[in-house]
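Participant: Just need the whole structure built from these sequences, with the hints factored in.
Line by line, the protein sequences are chains A and B.
The opening residue of the first sequence carries number 8 in our numbering; numbering runs sequentially from there.
The opening residue of the second sequence carries number 1365 in our numbering; numbering runs sequentially from there.
Among the clues, some could well be false.
Within a straight-line C-alpha distance of at most 20 angstroms, the following computed EDC-like cross-link-like pairs (lysine to aspartate or glutamate) qualify [unchecked claim]:
1. A:Lys179 to A:Asp155
2. A:Lys238 to A:Asp155
3. A:Lys238 to A:Glu337
4. B:Lys1531 to B:Glu1433
5. B:Lys1381 to B:Glu1713
6. B:Lys1531 to B:Glu1401
7. A:Lys369 to A:Asp250
8. A:Lys369 to A:Glu459
9. B:Lys1705 to A:Glu198
10. A:Lys491 to A:Asp423
11. A:Lys383 to A:Glu296
12. A:Lys491 to A:Asp410
13. A:Lys179 to B:Glu1539
14. A:Lys346 to A:Glu335
15. A:Lys471 to A:Glu488
16. A:Lys471 to B:Glu1713
17. A:Lys254 to B:Glu1433
18. A:Lys179 to B:Glu1417
19. A:Lys234 to B:Glu1401
20. B:Lys1381 to B:Glu1401
21. A:Lys179 to B:Asp1481
22. A:Lys179 to A:Glu201
23. A:Lys254 to A:Glu196
24. A:Lys234 to A:Asp250
25. B:Lys1705 to A:Glu196
26. A:Lys384 to A:Asp412
27. A:Lys369 to B:Glu1539
28. B:Lys1705 to A:Glu308
29. A:Lys238 to A:Glu296
30. B:Lys1665 to B:Glu1620
No wet-lab data here; the hints were simulated from the structure.
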Amino acid sequence: MNAPLTSSQEGALSRTERQAQVVRALQAVLPAHALLWQSEDTVPYECDGLTAYRTRPLVVALPETEAQVAAVLRTCHGLDVPVVARGAGTGLSGGAMPNALGVTMSLAKFNNILKIDPVSRTAVVQCGVRNLAISEAAAPYGLYYAPDPSSQIACTIGGNVAENSGGVHCLKYGLTLHNVMRVRGFTAEGEPIEFGSEALDSAGLDLLALVIGSEGMLAVTVEVTVKLVPKPQLARCIMASFDDVRKAGDAVAAVIAAGIIPAGLEMMDKPMTAAVEDFVHAGYDLTAEAILLCESDGTPEEVEEEIGRMSEVLRRSGATAITVSQDEAERLKFWSGRKNAFPASGRISPDYMCLDSTIPRKRLADILLAIQEMEKKYELRCCNVFHAGDGNLHPLVLFDANDPDELHRCELFGADILETSVAMGGTVSGEHGVGVEKLNSMCVQFSAQENEQMFGVKRAFDPKGTLNPGKVIPTLSRCAEYGKQLVRGGALPHPELPRF
Amino acid sequence: MAALDDIIERIREAGAKGTPLRIRGGGSKDFYGGPLEGEPLDIAGHSGISSYEPSELVVTVRAGTPLAELEALLAQQGQCLPFEPPRFGAVGQGTVGGMVAAGLAGPSRASVGSVRDFVLGAQLVNGRGELLTFGGQVMKNVAGYDVSRVLAGSLGVLGVIAELSLKVLPVAPAEATLAFECSQADALRMLNQWGGQPLPLNASAWMDGWLYLRLRGAQAAVEAACRQLGGERAAADDSAASWMALRDQTLPFFAERGAGQDLWRIAVPQTAPVLAIEGTPLVEWHGGQRWYLLPPGHAQKVRTAARAAGGHATLFARAEEEGDEARSAEPFDTLSAALQKIHAALKREFDPHGLFNPGRLYAGL
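Facilitator: Given below as structure tokens:
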């Protein structure tokens, strides 16, 4: 079992002594300004986008060259010090949460776009380049990078690789996995390694598929080759209102069943619509129980044909109002509310917790109704915004973190949504990752044997377990403590373990 | 699932005895990869569609199901496996498990994606006889490591694939094939130029001095592209049959391969120039996949040229008559030492007794 490193493994050294030891070792490989360890300097790194969980790292390293990245890794590996690689820190599941006895390695300085090649339609970029910066650099060639997570102004491509980030267009254009050709970086030992290539496949096992989405636990990424795709000539969006969430959920399935793959297909419920309308004034229908945004892109002829077919399906599914964007400004206005769902929620509640489970599309209405019941059970409000085309949910549970009971009820509410999603045939995370946030829920989705096999994957890449330890895969004892463990076809594994 | 229980029992027994197993679906790709070692473990009995809901764009199917059966079912609903996996051997011989284990895709691969891009989840029996499920039946899933996708192209070395969930897509409403008489270099140049434009490109093939281009998409988009690109428009029936023959390697280029010729598959960046390899290739995937027929003994030259272009070369099918010296050529290109270490460690973690398909991917793995 590849359990996270704990303080007991460092023997007699106190935190201060351990810190002094690590600082001394890293001073030998990094310039003075690239090393932070005083509290006031390391506090900014104590959490990522999941602000409810905070830990100050032992040391923050800010390497500027690949040789320094390798040296930091080699040094830490030699001292058995955990290393947590960090991009922009926008992750929502605590994947970059520091290890109290580890080094947080910020890769923010690797922010150069090395090559935009319009002929091969690829970009070679350093890991700290922002997602949107790639599309901006490719725009003069009529190309762009397709995955567009909502945090795309800030999040980095290295972080996108770690999380296998999605966005609103992935039903048609794929996830990070489908748009990354090559990842170059270093192993936990600091050895250079390359996964994939600029050809369409590589010899051997497809380890690139394993590294993408591995939340920084298998290797450290420093350079990425991404695919660029031609910018569609035109995009238009339909905004459709429904007086019943079930009709809206069924409309989503009906669009797909009609053989249409929309460029984006999003859903907002009534509370969410009210919150965003107040924020962006996009003219959303405040009387609708649910709103669908359904986008088509391509050549003008293609878009006209598809918008016609989509409108017809939505109307037949019971849409009470249908508006089609007439120009780019109007299309962006339709999307403005959807894109601002998170900040809009921040305005109506002191805190919110964003969930990220995915379910089969046909269960969209079922989960919405189940969440409405949970609102009563936990006495908390929830706004819902869904990447409906992918069945990926982002319920935003509103609470006040200063009220310990609200925080507790919020956590139960969240776990209930995730477990209900798994029971409906879904998964606990669609695009935000497991990090530390969903470790308990992983016990519900995977059996002990499956989790152990994933620890095996971790060991194969990182035998000592120093890269971002303690994330993504729950230990057997953690699941026993949580009191839940998926059992496939029979007996509970390890019945000897205590369970609460 | 009696068949699956039997498979698991066989694996446990083999583990206890240390007997290697050769996983076999329909046996249509026995020619592919390293030597066939071990007692045959047939998975064909573990077949059938577990679930299929067209509006979810997902099908879950047991690994022994004939690929032909799956494709027929999808076709009834106007859907397909858009990566066009090749079908070797007799009609209906290949299985869905074999398709994923081999990880081979057909003409449309450069435009639509590879086998692994469409794998959403898998059930796997590892070398300890444990039945494990990874991934799922939904489009987006980042819970845990993406073990299911690594199985695509793994040639069975990590375990026995028992069941797969695959993403499917609607069949494109319209299609057209255009032909252009041109040199290989001109074909590569044109393909890369078109690739940067919003055109419904779906597949391409250059052979015998002609470039064939298949467009797929909305009717209006295909017609507009035909007007823009020019070339000679091929008759729909003839071109459909030709693309099918390219996919299944029944075109004369493949079917008339001499007994003394190796078939090399070279994957390079689409922009790689004409390669410094003797003979004239058949070029697919908008330049990304190039097939060469060569007498045995060219491994080193071919691999050097492929690597120089940023790619790799696979000895896809061996000549029936080859000299002793040529026998030593490995089917797949050598990995870096760092990657070899991870391959060996993953193998130990999934298959600690070294049961599954020893040597099929690499000697010693």
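Participant: Under the criterion that the straight-line Cα-Cα distance not exceed 20 angstroms, is the pair Lys383 (chain A), Glu296 (chain A) satisfied?
Facilitator: holds, 18 angstroms
Participant: Is Lys1665 (chain B) close enough to Glu1620 (chain B), meaning Cα to Cα at most 20 angstroms?
Facilitator: violated, 24 angstroms
Participant: Holds or violated: Lys238 (chain A) with Glu296 (chain A), Cα cutoff 20 angstroms?
Facilitator: This hinted pair is violated, its Cα atoms lying about 34 angstroms apart.
Participant: Can you confirm whether the C-alpha distance between Lys1531 (chain B) and Glu1401 (chain B) stays at or below 20 angstroms?
Facilitator: violated, 32 angstroms
Participant: Tell me if the straight-line CA distance from Lys179 (chain A) to Glu1417 (chain B) falls inside 20 angstroms.
Facilitator: holds, 19 angstroms
Participant: When you check the alpha-carbon spacing of Lys1381 (chain B) and Glu1401 (chain B), does it fall within 20 angstroms?
Facilitator: holds, 16 angstroms
Participant: Within 20 angstroms, alpha carbon to alpha carbon, are Lys491 (chain A) and Asp423 (chain A)?
Facilitator: holds, 13 angstroms
Participant: Tell me if the straight-line CA distance from Lys491 (chain A) to Asp410 (chain A) falls inside 20 angstroms.
Facilitator: violated, 27 angstroms
Participant: Run the distance test for Lys369 (chain A) versus Glu1539 (chain B): straight-line Cα separation, threshold 20 angstroms.
Facilitator: Answer violated: Lys369 (chain A) to Glu1539 (chain B) is near 30 angstroms, above 20 angstroms.
Participant: Run the distance test for Lys238 (chain A) versus Glu337 (chain A): straight-line Cα separation, threshold 20 angstroms.
Facilitator: holds, 19 angstroms
Participant: Hinted pair, alpha-carbon criterion (20 angstroms max): Lys346 (chain A), Glu335 (chain A). Please report holds or violated.
Facilitator: holds, 16 angstroms
Participant: Sort out whether Glu1713 (chain B) lies within 20 angstroms of Lys471 (chain A), counting only the CA atoms.
Facilitator: Roughly 15 angstroms separates the two Cα atoms, so the pair holds.
In this structure, the hints that do not hold are numbers 6, 8, 12, 15, 17, 19, 22, 23, 24, 27, 28, 29 and 30, in rising order.
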